[in-house]
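S.K.: Once you know that position 142 of the sequence shown is 145 in our numbering, the rest is easy, because the numbers rise by one and skip nothing.
Don't read these hints as lab results, they were simulated from the structure.
Do not rely on the hints blindly, as some may be mistaken.
EDC-like cross-link-like pairs, simulated, lysine to aspartate or glutamate; straight-line CA separation at most 20 Å [claimed, not checked]: (1) K34 to E158; (2) K154 to E35; (3) K154 to E12; (4) K34 to E7; (5) K154 to E11.
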Amino acid sequence: MEREWTVEESVVVAAPADAVYTALSDPRRMKEWSPEVFAVLAWKDGRRFVGFNRRGLYVWFTEGRVTSAVPGRNFAFRVTSFGIPVAVWGYRIEDIGDGTVRLAEYWEDLRRDHRGSRLVTVLGRVFTGVRAQNRADLNRAGMRATLHRIKTTIEAGTALGRE
Numbered sequence: 004m005e006r007e008w009t010v011e012e013s014v015v016v017a018a019p020a021d022a023v024y025t026a027l028s029d030p031r032r033m034k035e036w037s038p039e040v041f042a043v044l045a046w047k048d049g050r051r052f053v054g055f056n057r058r059g060l061y062v063w064f065t066e067g068r069v070t071s072a073v074p075g076r077n078f079a080f081r082v083t084s085f086g087i088p089v090a091v092w093g094y095r096i097e098d099i100g101d102g103t104v105r106l107a108e109y110w111e112d113l114r115r116d117h118r119g120s121r122l123v124t125v126l127g128r129v130f131t132g133v134r135a136q137n138r139a140d141l142n143r144a145g146m147r148a149t150l151h152r153i154k155t156t157i158e159a160g161t162a163l164g165r166e
């Protein structure tokens, strides 16, 4: 089985692009939506954070640094582990009319491009219990769950403080 290095999923959300961006551009909210993230701590500069993840009995953390933040358009961050690049995660927001947007979540595995990637791959398996070859499938399923939860939250108005 050939390893996948990128994954993307999308969903249509009945909300304006700015509202969608506002909700997802705060990494601390990811614990509400992601099946793996259970906590996020942000640093004062608003561009760096630490994400704490759980999958069954496995628990791990990564550091994130925001690489793109364009209101109403996109939000992305680069993830490292012990200073070694692991992945890029991001969201693209496309206005498709009638007050709806297509929200895409994407992931790119960076472990093939760094000399410490073999170490991070081994550590990833130890801490997450997931073989590198299976990470794309797991992320695809996680993205679908995450996007569905984001959509439900935003469309219910809870992301905007309208409960």
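S.K.: Each hint needs a verdict: does it hold in this structure or not?
M.R.: Quick rundown of the hints versus the structure:
With a CA separation close to 18 Å, the supplied pair K34 and E158 stays within the 20 Å bound. Of the pairs offered as hints, the one joining K154 and E35 holds, with about 12 Å between alpha carbons and a cut-off of 20 Å not exceeded. Under the criterion of a C-alpha separation no larger than 20 Å, the hint pairing K154 with E12 is consistent with the structure, at around 13 Å. Restraint check for K34 and E7: not satisfied, since their Cα atoms lie roughly 25 Å apart, outside the 20 Å limit.
Of the pairs offered as hints, the one joining K154 and E11 holds, with about 16 Å between alpha carbons and a cut-off of 20 Å not exceeded.
Of the numbered hints listed earlier, the single one contradicted by the structure is hint 4.
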